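Given next are the chains, with one letter for each unit.
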Amino acid sequence: MSSRIEILNDGGYRSDGRRQYELRSIDIDMSPQGTADGCAVVSHGLTQVQVCVFGPREARKRAETLHDRAVLNVEVGVLPFSAGERRRRGRADRRILELAASIKSTFEPVIQTSLYPRSQIDIFVSVLAQDGGLLQACINATSVALASAGIALGDLVCAVSGGVHGTFPLLDLSALEEGDLPNVTVAITPRSGKVTLVTLETRLHVDRFGEVFARACEAGRVIHTEMRRAVRARTSKLVDAMGAGTKGTGEEDVERDVLMSEINDF
Amino acid sequence: MPRPPSPSIPEKEFLYGSLKQSLRLDGRNPLEMRTPTLTFGPDLGWVECAMGKTRVIAQVEGKMVKPPPERPLEGLITIHSELSPMASSEYESIRPSEEEVTITRMLDKVLRRSDVVDKESLCVLSGQRVWHLRLTIHCLADAGNMLDCACLAGVVALKHFRRPEVEVVGEEHDPSERAPLPLSMHHTPFCFTFAYFPDPTILPVLDPSHLEQRLSAGLMSVALNAQRELCVVQKAGGMPLDQQEVLRIVDVAVGKAKELDKLVETRLKEDWAGRTVEVR
Amino acid sequence: MVLDDEDFAEGTQKLTCPGEPITSSHAFMRGHGTYVDNEEVIASVAGTIERVNKLISVRAIRARYSPEVGDLVVGRITEVQPRRWKVDANSRQDAVLMLSSVNLPGGVQRRKLESDELQMRTFFEEGDLLVAEVQAFFADGVMSLHTRSLRYGKLRNGQLITVPPALIRRLKSHFITLPCGVDLILGLNGYIWVSKHLKQNEQEGEDAFDAEAVYSNRNDDIDDATRAAISRVSNIIRILGAHFVPLTDTLLLDAYEWAVEQEGGVKDLLNSDIGDALVSAVAARS
Chain D
1 MSSRIEILND GGYRSDGRRQ YELRSIDIDM SPQGTADGCA VVSHGLTQVQ VCVFGPREAR
61 KRAETLHDRA VLNVEVGVLP FSAGERRRRG RADRRILELA ASIKSTFEPV IQTSLYPRSQ
121 IDIFVSVLAQ DGGLLQACIN ATSVALASAG IALGDLVCAV SGGVHGTFPL LDLSALEEGD
181 LPNVTVAITP RSGKVTLVTL ETRLHVDRFG EVFARACEAG RVIHTEMRRA VRARTSKLVD
241 AMGAGTKGTG EEDVERDVLM SEINDF
Chain A
1 MPRPPSPSIP EKEFLYGSLK QSLRLDGRNP LEMRTPTLTF GPDLGWVECA MGKTRVIAQV
61 EGKMVKPPPE RPLEGLITIH SELSPMASSE YESIRPSEEE VTITRMLDKV LRRSDVVDKE
121 SLCVLSGQRV WHLRLTIHCL ADAGNMLDCA CLAGVVALKH FRRPEVEVVG EEHDPSERAP
181 LPLSMHHTPF CFTFAYFPDP TILPVLDPSH LEQRLSAGLM SVALNAQREL CVVQKAGGMP
241 LDQQEVLRIV DVAVGKAKEL DKLVETRLKE DWAGRTVEVR
Chain P
1 MVLDDEDFAE GTQKLTCPGE PITSSHAFMR GHGTYVDNEE VIASVAGTIE RVNKLISVRA
61 IRARYSPEVG DLVVGRITEV QPRRWKVDAN SRQDAVLMLS SVNLPGGVQR RKLESDELQM
121 RTFFEEGDLL VAEVQAFFAD GVMSLHTRSL RYGKLRNGQL ITVPPALIRR LKSHFITLPC
181 GVDLILGLNG YIWVSKHLKQ NEQEGEDAFD AEAVYSNRND DIDDATRAAI SRVSNIIRIL
241 GAHFVPLTDT LLLDAYEWAV EQEGGVKDLL NSDIGDALVS AVAARS
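Sequence order for the protein chains is D, A and P.
If you count the first sequence from 1, position 208 lands on 208 in full-length UniProt numbering, and the numbers rise without skipping.
If you count the second sequence from 1, position 181 lands on 181 in full-length UniProt numbering, and the numbers rise without skipping.
If you count the third sequence from 1, position 190 lands on 190 in full-length UniProt numbering, and the numbers rise without skipping.
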């Protein structure tokens, strides 16, 4: 069907000019929106997701509260104009429900819910634009939004998608590549290096899987440094605004340079 | 809406305690699955699959339809899964629960999106007539690991099904005198679900029972065929695992898929041998 | 980032974000906003690291209000329950205001009767705003409020502004009267009540506790000049909140003077360039 498109050309470039392991540019915006406690808009290339976090707050339904921890409520909305073809998806669409369930169970063990007994944390995800890597964008945006809401997290969860073209693993697939390649999404907690989420769709040989899986785990750490930088920049901006002198902004710049060269090495 | 009562504390502690010593309440090894029992019905494409007390019926029926204009050369497959409160009091008939969404999505991924059936072979007359296969999965009882059981039932039903051979005579098509044909299938995926527990020293168990599933800290499902091709890997959140652990589980599943493939093939052969297909 | 003793020099603030190791758990104890894993103290929220002797904690830069006994809060009644009201106070859970912790008509030392229980809605009903003090905590962490002071109780004659709770510092008094005839109540939970100034003798009528006035739902007459002043103060607070500037009485006074000097209309304050100018002007003054 779309075999006319060359996924990886002889020079080792992908259709959008990226290298095999090159990620798309990441943009993390944590400016507050409305009355949300925490907010983040995360873009991976042309995929853009906005997450608003409310809470921990009094639970809407008292029957559903838990006496020893907070309950998580995740709702995902995909805007009709987010994909190339205008399409309105109902809330009960199974794909959306699955996406919400994945986000919920990814963050349930990461959020220290036992600190907030009987309360509720609401996570509202709106998909503004889709160009592949929807799940990774949703997870990354939720991580950052939770951090900006001051909710206690064990770690920031970082997700990356990957695929295999022939025998070559690729990272951070665009929609074009996603349609053609077997793809995986991996989410890791960078500090422990453990994997919280793995999904694979479409057929892939076991040996190939191991390779792309390992690459995706490495790439998760690169995403983590970006997320960490964004969270720290936001924190330091707020601390500055509160009139306290801060050290450590210079330190931050040095850190960034090192990381950029790491990314180029890929 | 009353929630189903969670397992009691002594039950929980007993289960964790015995799992720590690599013992399971039903006497299995951690990586041993319940041997599935396949019962074939009088019709082709009707299978009942039982794993312990978990029981699922899968049925395939085919009819001729006009294909959608965007895919004139491909047949259609639809999967209907029904998790009624009959299977377990945890399922409600009104709203799809999270488990139900997971099961239906997984069935869709394993049986439809991984290209099990060659859709082009279902085409009778381009743009005019294609076969529409309707796979209905009835979950009769849930005693743990409904997903694997449903996937197995679904894939065996597809393998068991025979579609009538038709001949196109002008505008008409009629069932010909020849014997019905098996579906042309690309591969046979099997799904394996592993449960892991909050205590990291407890090894993951394959094919969790109902209690194990309720007390687990997360599930990881791997669907693959005997040719070592992964179709679906699904670990949506839950307890974080080491990278090596994930790969180890995949390896275990590779071995199990080969065993299960053999079992399914022998059962299908046995059934086929004892069956006389009438040719009118 | 692993810290030693020297890293906590005076006047520096270390930032951290979730999942970052701070120090070894052998030398230090973990406080709020941290957890221990693998003999390391690890931050769980984004914010500044604070150390008191051997106790390490991380103060989240933006989070819900976490109450302490004695805090002054402004809240909104969300529910009337048997012998208690539920109050939204921007915290993790709704606060509780017991019928026994409010002043009722007919004297402070009066016993609560069954008839009081039946007419709880005449004192506070859903949607009423009130100012109260955190009295105690229940076992599950819910805060219990009380209004047993003549300064606490139902709020009238003004409007509510919400800012992040971190911006309200603990002050000598959270009841501020600005010279422009505006009263401010800075709730530590980030809810701020801006209202018309009440004269001292009107507010506290000796022992003659005026139930009518305390639980009244009617606003007094407010003249146009006061209305403009209330709006101006509200807009200033909104701007400062949006720029994440901590609020103090002197700062608000400076800001109000600056706003009056500009001779703009009240609503012009909400233009982003005027807002930026206000914040930099105020920062320069202090």
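Calculated from the structure, these hints are not laboratory results.
Source: prediction; values computed, not measured.
Every residue gets a Cβ at the ideal spot worked out from N, C-alpha and C, and that includes glycine.
Hints may be right or wrong, so weigh each one.
As the list claims (entries may be wrong) - Ranges between beta-carbon positions, derived for each pair:
1. P:Ala27 to D:His205: 34 to 42 Å
2. P:Leu150 to D:Arg94: 55 to 63 Å
3. D:His67 to P:Asp276: 46 to 54 Å
4. A:Glu259 to D:Gly210: 20 to 28 Å
5. D:Asp29 to P:Asp276: 17 to 25 Å
6. P:Leu55 to D:His205: 47 to 55 Å
7. P:Asp276 to D:Arg19: 18 to 26 Å
8. D:Glu6 to P:Leu55: 58 to 66 Å
9. P:Glu117 to D:Ala129: 23 to 31 Å
10. D:Glu6 to A:Pro7: 52 to 60 Å
11. D:Arg94 to P:Gln119: 45 to 53 Å
12. D:Ala129 to P:Gln262: 36 to 44 Å
| said: Taking the earlier hints as the rules, which of them does this structure contradict? | reply: Numbers 1, 7, 9 - these are the hints that the structure violates, sorted from lowest upward.
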